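Chains A and B, in that order, are what the protein sequence lines are. At position 157 of the first sequence the residue is numbered 157 (this note's numbering), and the sequence of numbers has no breaks. At position 212 of the second sequence the residue is numbered 212 (this note's numbering), and the sequence of numbers has no breaks.
Please keep in mind that the hints were generated in silico from the structure rather than gathered at the bench. Quick caveat, the model's predicted, so the values are computed rather than measured. Don't take each hint at face value.
Claimed, not checked - Covered stretches of chain A, going by a simulated chain B footprint (3 or more residues, C-beta under 8 Å):
hint, segment
1, 37 to 44
2, 96 to 110
3, 291 to 298
Every residue, glycine too, gets a C-beta built ideally from N, C-alpha and C.
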Amino acid sequence: MSSATSPGRLSRGDRLFLTLVIGLPLLALLVFVWLPALASIALSFTTWDGIDLSDIHWTGLENYAQIFTNYPPFWPAVQHNVIWLLFTALLPTPFGIFLAYQLDRKIRFTRVYQTAIFLPMVLSLAVVGFIWEIIYNPDTGLLNSVLGAAGAGGHIDWLGNPDLNLWAVLIASAWRHTGYIMILYLAGLKSVDPALREAAALDGAGGRQTFLKVIFPALKPVNVIILVVTVMESLRAFDIVYVLGGGTGSKPGMELLSLLITDNIVGEAGHIGYGSALAVILLLVSLAAIGTFLVQTFRKEDR
Amino acid sequence: MTTTVERPASRTGTGRRRPPKSGPKRPPSTIGRHVLLGGIALLWLVPLLWAVYTSLRSYEDTASNGYFSLPRSFGLDNFTDAWTQSGMPHFFWNSVLITVPAVLGTLLFSAAVAFFVSRFDFRFNLALLMLFTAGNLLPAQVLITPLYRLYLLIPLPWWMSDSMLLYDSMWGLIAIHIAYQCGFCTFVLSNYMKTIPKEITEAAQVDGAPVWRQFFQIILPLCRPAFAALATLESIWIYNDFFWPLTLVDTGDKRPITSALANLQGAYFTNPNLIAAGALMTAIPTLLVYFALQRQFISGLTIGSSKG
Numbered sequence: 001m002s003s004a005t006s007p008g009r010l011s012r013g014d015r016l017f018l019t020l021v022i023g024l025p026l027l028a029l030l031v032f033v034w035l036p037a038l039a040s041i042a043l044s045f046t047t048w049d050g051i052d053l054s055d056i057h058w059t060g061l062e063n064y065a066q067i068f069t070n071y072p073p074f075w076p077a078v079q080h081n082v083i084w085l086l087f088t089a090l091l092p093t094p095f096g097i098f099l100a101y102q103l104d105r106k107i108r109f110t111r112v113y114q115t116a117i118f119l120p121m122v123l124s125l126a127v128v129g130f131i132w133e134i135i136y137n138p139d140t141g142l143l144n145s146v147l148g149a150a151g152a153g154g155h156i157d158w159l160g161n162p163d164l165n166l167w168a169v170l171i172a173s174a175w176r177h178t179g180y181i182m183i184l185y186l187a188g189l190k191s192v193d194p195a196l197r198e199a200a201a202l203d204g205a206g207g208r209q210t211f212l213k214v215i216f217p218a219l220k221p222v223n224v225i226i227l228v229v230t231v232m233e234s235l236r237a238f239d240i241v242y243v244l245g246g247g248t249g250s251k252p253g254m255e256l257l258s259l260l261i262t263d264n265i266v267g268e269a270g271h272i273g274y275g276s277a278l279a280v281i282l283l284l285v286s287l288a289a290i291g292t293f294l295v296q297t298f299r300k301e302d303r
Numbered sequence: 001m002t003t004t005v006e007r008p009a010s011r012t013g014t015g016r017r018r019p020p021k022s023g024p025k026r027p028p029s030t031i032g033r034h035v036l037l038g039g040i041a042l043l044w045l046v047p048l049l050w051a052v053y054t055s056l057r058s059y060e061d062t063a064s065n066g067y068f069s070l071p072r073s074f075g076l077d078n079f080t081d082a083w084t085q086s087g088m089p090h091f092f093w094n095s096v097l098i099t100v101p102a103v104l105g106t107l108l109f110s111a112a113v114a115f116f117v118s119r120f121d122f123r124f125n126l127a128l129l130m131l132f133t134a135g136n137l138l139p140a141q142v143l144i145t146p147l148y149r150l151y152l153l154i155p156l157p158w159w160m161s162d163s164m165l166l167y168d169s170m171w172g173l174i175a176i177h178i179a180y181q182c183g184f185c186t187f188v189l190s191n192y193m194k195t196i197p198k199e200i201t202e203a204a205q206v207d208g209a210p211v212w213r214q215f216f217q218i219i220l221p222l223c224r225p226a227f228a229a230l231a232t233l234e235s236i237w238i239y240n241d242f243f244w245p246l247t248l249v250d251t252g253d254k255r256p257i258t259s260a261l262a263n264l265q266g267a268y269f270t271n272p273n274l275i276a277a278g279a280l281m282t283a284i285p286t287l288l289v290y291f292a293l294q295r296q297f298i299s300g301l302t303i304g305s306s307k308g
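Could you put together the complete structure from these sequences and hints?
Here you go:
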């Protein structure tokens, strides 16, 4: 960064402009994002019904103790978030990378394939939820009709059965996630220096070897982004479950941290302190991922 | 488009330069790849096509014959009904009023921050960039309670919001979208701007161009590909978002189409054909944005994501 314009050479007008340019966005970020995040941490040590500010009572670590020992949906939610993460990391993510690699080979109709697989990302959650609703519906849904399980007796309740519904939702989520990973990775592949591939080919490397030893390592920045996207999306998973589970109130088998927070905060009960403590737990796990990402991404700039 | 031979010795996928034509005979591996990719693409489209199929059939037909049956009648009636009966035009307009300013604001703000951190040698630049990037990674649920209280405290004049507050106003939605999405765009744009040679703005500086002109007349036009990619992604995200409207807007009439659709599902839950039509119509704007900006989409992401 040695060749960057140094501040000393700037006129007063320039300085004013730069202050404005950084000041407004920074103000918006601090007021609307970081201030609430810090306030949430403070609220997590209190009990509050969310109505009157004077009703906020300091309770220390009480909420956390309750959550860990005496809140039945908590551990299932943690478990489901972990399943979500493992599933996303092991199926849609490698599959998206595989598709991107295939699509990068300059074959015909690339754009058609690409569009078809990216399409679910473009749809709103309401649409996605609705689409999977008419597939999973036990009586009229496509899946049971194809399986011949729509009639009496064979009835499979994909979204109601606590042993099945998480997996049903994961399929729907994978349907969306694959396209996102594919696009990110495809963009990364397009920026790989063609000379690298040629050199690998000249050295006699096969397709698989070239990918594993040359291309994959060359894409480290994209790989880091994809890793973060996968982790963050798994931790934040909310929308699809919210829609397919029929709104607030976690359904048995589909408990997730984000839903428990929403239940406590938005629900009529108004357990703000409790919800905030759950949010802080989610925040801490997220920060571990965010921190890794930031260190990985920005380390090279410190040199 | 050209075809290539799938053999390591050939120049497979040589980036931007077109590989030499491999002759009329296509090797079997290319055909195999088309079968594979075509099959997957089709599989991916099945849920969507099923929704289209449902939406085109009349409710009476599916009610008596079941959804998994051959159609007696086909038509666009459900689409016209959904459009006229549920106030969809109004909710579409709400979405436009929220999404367009939010996307433009996000791009302008993040371009400004990216310009600041990537082209000037201030201390704390890295810290600033990290603060913005990390902000976008925070889960929305972590912010919502204090944000809700904050929105109840911030007054707005009556001509901006009939609630006289940031709460229950479109301005509130626009504000949180801009603040929250800024991080991602700043990250991508600052990477992009670092690839623009310093000499360009330094020459302008020597010629006496003030910084604001360097920003608006040199840097912004050069970032067009990155803007196209980000505009696509941000339009899709902001238009589709329904967490913020659900929590920060109280009046159903002010909600954007995506969260209003939930009401439609409540009111017409007995007629899935009608809801299918309504749901599919809400997807049209994002589809148009995607198709319009598709060409620049990938190339714009390219530089942002991997020349870090």
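Verdict on chain B covering the segment 291 to 298 of chain A, where coverage means 3 or more residues with a C-beta closer than 8 Å: holds (count 4)
Please count how many residues of the segment 96 to 110 of chain A have a CB within 8 Å of a CB from chain B and say whether that reaches 3. Our answer is that it holds, as 10 residues pass the Cβ test (under 8 Å) against chain B, meeting three.
At least three residues with a C-beta closer than 8 Å to a C-beta of chain B: is that true for the segment 37 to 44 of chain A? holds (count 4)
Taken one by one, the earlier hints all hold for this structure without exception.
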